[in-house]
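**Student:** Dock chain H against the given chain X, drawing on the hints supplied.
There are 2 protein chains.
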Amino acid sequence: MPGLKTPKGTTDELPKEAFLYEEIIEKIRKVFVVHGATPISTPTFEMRSILVNKYGDDSKLIYNLSDQGGEICSLRYDLTVPFARYLASKKIKRMKRYQIGKVYRRDQPSVAKGRLREFVQADFDIAGECIAMMADAEVISCIDKILRVFEIGDFTIKVNDRRILTSILEIIGVAEKDYGNICSTIDKLDKMSVDELRKEFIQKGLTESQVLKIEEYMRQAGNKNVLEYLENDAIGSIERCKEAICSMKELFRLCKILGCDGCLTVDVSLARGLDYYTGMIIEAGYIGKQVGSVIGGGRYDNLTENLGVKGVAIACVGFSVGVSRIFSILCEQYCKESATVVYVGASGGLFLDERLSIIKILWGAGIAAETFYTKRSSFDDQIAYARKKGIPVIIVVGESEFVLKSVQVIDLTTNEKKIVLIEDIVKCIKELA
Amino acid sequence: MPGLKTPKGTTDELPKEAFLYEEIIEKIRKVFVVHGATPISTPTFEMRSILVNKYGDDSKLIYNLSDQGGEICSLRYDLTVPFARYLASKKIKRMKRYQIGKVYRRDQPSVAKGRLREFVQADFDIAGECIAMMADAEVISCIDKILRVFEIGDFTIKVNDRRILTSILEIIGVAEKDYGNICSTIDKLDKMSVDELRKEFIQKGLTESQVLKIEEYMRQAGNKNVLEYLENDAIGSIERCKEAICSMKELFRLCKILGCDGCLTVDVSLARGLDYYTGMIIEAGYIGKQVGSVIGGGRYDNLTENLGVKGVAIACVGFSVGVSRIFSILCEQYCKESATVVYVGASGGLFLDERLSIIKILWGAGIAAETFYTKRSSFDDQIAYARKKGIPVIIVVGESEFVLKSVQVIDLTTNEKKIVLIEDIVKCIKELA
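Protein sequence lines, in the order shown, are assigned to chains X and H.
Start counting the first sequence at 122; every next residue gets the next number (our numbering).
Start counting the second sequence at 122; every next residue gets the next number (our numbering).
Some hints could be false.
The list treats identical chains as interchangeable, and a pair is accepted whether it falls inside one copy or across any two copies.
What the hints assert, rightly or not - DMTMM-like cross-link-like pairs, simulated, lysine to aspartate or glutamate; straight-line CA separation at most 20 Å: (1) Lys309 - Asp396; (2) Lys137 - Glu147; (3) Lys496 - Glu250; (4) Lys181 - Glu143; (5) Lys481 - Asp382; (6) Lys457 - Glu143; (7) Lys509 - Asp396; (8) Lys126 - Glu426; (9) Lys211 - Asp133; (10) Lys370 - Asp474; (11) Lys214 - Glu458; (12) Lys370 - Glu349; (13) Lys370 - Glu475; (14) Lys496 - Glu364; (15) Lys214 - Asp382; (16) Lys234 - Glu134; (17) Lys211 - Asp228; (18) Lys312 - Asp178.
Keep in mind the hints are simulated off the structure, nothing from the lab.
It should be emphasised that the depicted structure is a prediction, and the values quoted were computed from it without experimental measurement.
Same shape as in the complex, but just chain X:
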């Protein structure tokens, strides 16, 4: 119905989709909890002033609320800026938190790729001063566990350091004020052709020789010895590049102890569009899947200070899981339609009161059960419904059995039938399920 559509880029989740979302979120949540994180929640919308100048080019994708005679608010664009606001407003110096919730972006939607305007992110962040790279390594360890838990297949965790990127830009003579702008083009490396990229670099004011130099560095994306390459390159003499290389080496050392270095690589072409990263940046995803990266993150040590609270920069590192991306990989083979264990049917009559008295016993014992509501329902229809929904057991209420205070129980997986006393029904179902 045309008048009944959902807004552009949003969608309804059908039961099996909602079941899958519940399962994905619960698996991620468990990994977060294993890492000792605590949950928090922030509002769906924030004061608009909190969100401005945080997302580079993408700020135009923020959803604004109408001015209805009160405050000026916008829907949250991610869970990272609200977290920084949370820390700064409460003067929290140390925290390991997770938050799982929807975020909103007025982007061009693509349902097939799991890109919607409203989507679920699951965020994990560690705030507070740390032994160098200790929290960064834990973040990689947490990402590694999450990517494994879905048993989707091989994955890569790519890391880079913002300081390496800015050193590259410095050495080729880009002005510091343009770093963010140029980085947002580098970020499109995997989405655009070489020609398109060149065109955008030139448009943003780079010379042809600068573009060629950037491309040379970007070609090191797949180089396993890229850190050594950079050390021997001219940028190896830039102080903050030295620091970054040193950090990356310590990251790999700690990840090895934590057992999460197997899928970890340095990719100097990794940029990420957001303005707020200051050190390590991360992108991770499954190999051979069309949805693109599944996890993104990094270190953002100045974000709390940028919110306007001078002198209270809180060092943070963390990541967001694109839950909808994982969903779109898993949804094809997923088919859970129902969590019901018992269908209470009837044969030879409605047996309303009798069915209700049986279902009361099941519900009371915490056994998921349902029955039919209609005035007419053939037993064949009942069986067909139960099979379609994947309900494993059917209890059949019939006159003769009920007089004897018993019911028929059919195990739909084996088609085994038996007569069970009503007082034994819970025990019987628990044995079957």
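**Tutor:** Just chain H now, with coordinates in the frame of chain X:
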């Protein structure tokens, strides 16, 4: 910080609050699943046209999104209208679904009463033609279970029927077009004084004698034999009132079979402000708690048709749990700060690598563990932190033990200490926890 506040009527959830929300939602979800319901999810915002004329006076409380050059949308006000839109758009004739999510109302907030502008509702609804009152009775049964699961104390489930209300209005001569308007004043009976109510009735055009007659009916709110009273009253001759009385009687009969009639009463003063109810209406809450009603709902048989799809009225009955209301009752005595089971400490040094190799083993076994990130941390501080967070076990890494491939394990509940081989650490923790 003034610049870092959340928008009016919204709030951040601290870890212990977020833990409590997670627990409340999971308990409610389990009851829904036991009743054989499947989850769905709808977008946070809907086309504005879907939401207009559904909420009576309260439509002015809807949050609108800015017109940013696309569709005209509003944040959802409840989960009921989106569910009706879901059914109508997908031409679904029968469904038992739950949905748990935030809704948004620009109302006057009161944090103490759990009334915020953004709050969580947990909805359960049964759609589709049913044997009379069968689904209605199941809804009461589901409400009864939810109110019990939190062990808060005594509660009441009040029911009425919209047809009884409209019969009262008919018999005292209110024009049909004013029914909704007058009902929304009756709905305020428990929030306003008798004088304020009278004033509002008069303002809405009732005569004094009409107001006195309404008041007479409303005084039957606590009457246990109210159905008999109505049968013997003049309105007992109105056809739809007869039907409603008959429905209420059948409801009580079925609830008795389902074992959920103990806290159920008829309250003829129960109105509920929303426009869309057509039959049974419900309000439930705990006795002696300040938060007001915790659950509201009813039957809405015409809502799908009112969305503009003529001829596809889908009979629906269901309810919403005000999760935030339950939260505000429970939050005072709740004190879970952490879900961590093991704190990995160190004595006589930092032991970074050693701590990471221990925590790797724990994380790998799915044991929630954390350690310290700072360069300096006294053992006393570590113990104090673990106790404050309620972490039950601390593992102490120290030079001498590590050489012997073992660690010290302290059970913080009993203060019992022992030396455990690293290879036995998982087994040891599982025995303690």
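**Student:** Looking back at the hints listed earlier, which ones does the structure fail to meet?
**Tutor:** Going through the list in order, the structure violates hints 4, 7, 15, 17 and respects the others.
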